[in-house]
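K.L.:
Sequence lines, in order, name chains A and B. So for the first sequence, our numbering puts the first residue at 1; every next one is plus one. So for the second sequence, our numbering puts the first residue at 308; every next one is plus one.
Errors might be hidden in some of the hints.
What the hints assert, rightly or not - For each label pair, taking beta carbons as the anchor points, the in silico distance ranges come out as:
1) K140(A) / E576(B): 40 to 46 angstroms
2) A580(B) / G131(A): 31 to 37 angstroms
3) E566(B) / D139(A): 56 to 62 angstroms
4) V137(A) / E497(B): 49 to 55 angstroms
5) E342(B) / I170(A): 52 to 58 angstroms
6) R214(A) / W463(B): 26 to 32 angstroms
7) H208(A) / H502(B): 19 to 25 angstroms
8) T514(B) / H208(A): 39 to 45 angstroms
9) E497(B) / S149(A): 27 to 33 angstroms
10) E400(B) / I152(A): 43 to 49 angstroms
11) E443(B) / G131(A): 37 to 43 angstroms
12) L298(A) / K579(B): 46 to 52 angstroms
13) E359(B) / R214(A): 34 to 40 angstroms
The hints are simulated quantities; they were obtained by calculation from the structure and are not laboratory data. From a predicted model like this one, the values you see are computed outputs, not experimental measurements. Each residue gets a CB set at the ideal place from its N, CA and C atoms; glycine is no exception.
Here is how the chains run, residue by residue.
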Amino acid sequence: MTDATLNPSRSLNPFSGLMSGTVGPVTVVVLAIISIWYIAAVALNTPFQRDLYERGGLTDVTLTQMMTDTLSQDRPVLPAPHQVIVEIWDTTVNKSITSKRSLVYHTGITLSSTLLGFLIGTTLGILLAIGIVHSRVLDKSMMPWIISSQTIPILAIAPMIIVVLNAVGISGLLPKALISTYLSFFPVAVGMVKGLRSPEVIHMDLMHTYSATRLQAFWKLRLPYAVPFLFTSMKIGMAASLVGAIVGELPTGAVAGLGARLLAGSYYGQTVQIWSALLMAAFLAGALVALIGVLEKLTLKRMGMAQ
Amino acid sequence: MNAIASAKDTEMVAMTQSASPNRVIDIEKLSLTFETNDGPVHALADIDLKIEEGDFVSFIGPSGCGKTTLLRVIADLERPTAGSISVNGVSPEEARLNRAYGYVFQAAALYPWRTIAKNVALPLEIMGLSRAEQQERITRNMELVNLTGFEKKYPWQLSGGMQQRASIARALAVEPDLLLMDEPFGALDEIVRDHLNEQLLQLWAKTNKTVVFVTHSIPEAVFLSTKIVVLCPRPGRIYDVIESDLPRDRRLDIRETPEFLKIAHRVREGLKAGHSYED
Numbered sequence: 001m002t003d004a005t006l007n008p009s010r011s012l013n014p015f016s017g018l019m020s021g022t023v024g025p026v027t028v029v030v031l032a033i034i035s036i037w038y039i040a041a042v043a044l045n046t047p048f049q050r051d052l053y054e055r056g057g058l059t060d061v062t063l064t065q066m067m068t069d070t071l072s073q074d075r076p077v078l079p080a081p082h083q084v085i086v087e088i089w090d091t092t093v094n095k096s097i098t099s100k101r102s103l104v105y106h107t108g109i110t111l112s113s114t115l116l117g118f119l120i121g122t123t124l125g126i127l128l129a130i131g132i133v134h135s136r137v138l139d140k141s142m143m144p145w146i147i148s149s150q151t152i153p154i155l156a157i158a159p160m161i162i163v164v165l166n167a168v169g170i171s172g173l174l175p176k177a178l179i180s181t182y183l184s185f186f187p188v189a190v191g192m193v194k195g196l197r198s199p200e201v202i203h204m205d206l207m208h209t210y211s212a213t214r215l216q217a218f219w220k221l222r223l224p225y226a227v228p229f230l231f232t233s234m235k236i237g238m239a240a241s242l243v244g245a246i247v248g249e250l251p252t253g254a255v256a257g258l259g260a261r262l263l264a265g266s267y268y269g270q271t272v273q274i275w276s277a278l279l280m281a282a283f284l285a286g287a288l289v290a291l292i293g294v295l296e297k298l299t300l301k302r303m304g305m306a307q
Numbered sequence: 308m309n310a311i312a313s314a315k316d317t318e319m320v321a322m323t324q325s326a327s328p329n330r331v332i333d334i335e336k337l338s339l340t341f342e343t344n345d346g347p348v349h350a351l352a353d354i355d356l357k358i359e360e361g362d363f364v365s366f367i368g369p370s371g372c373g374k375t376t377l378l379r380v381i382a383d384l385e386r387p388t389a390g391s392i393s394v395n396g397v398s399p400e401e402a403r404l405n406r407a408y409g410y411v412f413q414a415a416a417l418y419p420w421r422t423i424a425k426n427v428a429l430p431l432e433i434m435g436l437s438r439a440e441q442q443e444r445i446t447r448n449m450e451l452v453n454l455t456g457f458e459k460k461y462p463w464q465l466s467g468g469m470q471q472r473a474s475i476a477r478a479l480a481v482e483p484d485l486l487l488m489d490e491p492f493g494a495l496d497e498i499v500r501d502h503l504n505e506q507l508l509q510l511w512a513k514t515n516k517t518v519v520f521v522t523h524s525i526p527e528a529v530f531l532s533t534k535i536v537v538l539c540p541r542p543g544r545i546y547d548v549i550e551s552d553l554p555r556d557r558r559l560d561i562r563e564t565p566e567f568l569k570i571a572h573r574v575r576e577g578l579k580a581g582h583s584y585e586d
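With the rest of the complex left out, here is chain B:
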């Protein structure tokens, strides 16, 4: 009995150790300056940010604060001009080549000449997976986003919300370490957006992915995130980082609780302060 108990104990220890957060993204003193004809534009300045495995991190800020640029730097779609960034301990480029990223854009960006299943298959074809493996991943991920039965439909036959869900399935099919989402629900109406937010949280709970999410909606950021990064413009920099103490299992009605409103208030104050020098 004792032996079993101690074996259990060591197992517990091992579990807590493996559950101890791994650093996925480590950004230090990162800056990005675009050289334009009107002189340099400081898109990002002095960014320091750590993201742990399993985090749901939101970047929030007004237009032009560099939140999308920061996401693109993480995804190796832009190169920083100073500072350092590592993803899974390697450079973003290496992480990209290791297929660490699933990227969801504001538009679904599905290929009109491919069915939904074929759209989800696109990254898998590029990765060179076997037909059977492709089919297995398509079925699993279409089910994850509740699109089972729509495999043979073309994108134009689906609503905007369904198209965006398909693009999330496509990003998840890569089985990335990181799900990067750039205002994925920005073009949808609020009712659909609320619904998809709830679905996204369930998806996050099921897949345990690290998510980096760009938004300019305060309720969306607070509802989804474990960590909220408030950015302010000119130059794009981090004004505040808020660790949310809300429980991970959330329903939409959490938005009426005082805890939620407290965090939302702090985000709003941050956005206001970052903006205060402007009219």
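So here's chain A without its partners, still in its complex pose:
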């Protein structure tokens, strides 16, 4: 009955069919982004194109010709989406993975330090949270430092970390990974402190009446309660970790990695290369966060917490 009365009013809106699922809205948003990108590309690249025409003495260029030219410059202010896609295609599919020109190779470099840093950061964050939850002294003494550590711009501290570690003989993957760690331990520590403290008083009282030890209360109560918090903070931590890895590649003049790609691109004004590296970083972050999302779903389902 409700269906019958609802349907006619629904069909009055021509967009209702398009916007009802998820495919419709997602497509609309993607199309909107791409068209805004194209409009911006034309607008931003036109002044340089005009200059070119003037210098070349060309006066009667048609609008279509001009549009085509602005969207196919070698070093545009803002490359058009298709230029970036072509560049990504060229540097991933058409290059062997071992080649220095392969974007897959550079992504792999960044990915490895992201993952290593994330792993160390998550472990560190969890350990800090456990300490903070169980010891008032640690809570009072560590928490202010943890928070203030994140107020320092990472761009300022990244070169210091690299220089200091180099001085003591640590180089290669680890210094970059430690910058990822620096960024990713924070959300995990804060989220886990919140999670480990989230059991209700009634549950803690129950543990008390069972005469459970702190260790038992931790394994059987606090940790399971903290799992959803852990996954949420791991998603943030993973994204921060990727940022850390890229930033870690910038100040050292690294020759490999997405950060190095960005740096090289900006040295030589290779805007298409910069944007393709940026897009690749975005894809990578999206994929990594989605992966944690899948792990979260599987874990919660296994634990019986997903209804």
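Chain B: place on chain A using the hints.
P.N.:
Structure of chain B alone, referenced to chain A:
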């Protein structure tokens, strides 16, 4: 023949002796004062109370009379500031370490990530019992609360009444000397509550546990208890202790008998008198 008869007699004597009530809880001049920013709050003052083995004792009183606090003191969840309390002849803390308590809260407090059987197993895991022993206790206690067949269900798949029954099974699985219940049916509707009250009495008859039960329902207190403790607030103190002479084997329709109504009347009078200085 004579020898057998006298042997029987001595057995009878021995039985009556062992059946003679043992004191489980002995509270003397107990007080508990919380220090707050607005000055001291006298949660409990001058409590004297004896509870014998096999008793079903109800604490009844208005909100803030300290009935839950008194139960928490017995369970070693709060420490008294004056007076003495012994459980099974030792301090509440020692009794707790001996796992003398099964505590049932107002909310079922089941762990959402554990099945019902695993929830019942929780205290058993903490006690370090063997798998076989755990399984045996789970089966037995789930049967006691009529939840056989729901072992693999998660808490959210059960009704409120069933969840509370599961939490009672969890408390009983510890095989405690004392079953402490803090308004366990307070959040349930009256029909379910009546039903669970009857089940609880049967359970009590079967297990012969000592039960301390907090409630603010007069019919519930009178229906369940052998001893009703009426408390009044500010400071929390005992106003009246009523020994019920109702038979131990009770059905819900006992609530219409004059004997029942007489006790209920005395409880109501006690609650009124304890409250009389208030508006």
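K.L.:
Of the numbered hints stated earlier in the document, which are not met by this structure?
P.N.:
Those not satisfied are hints 1, 2, 7, 8, 9 and 12.
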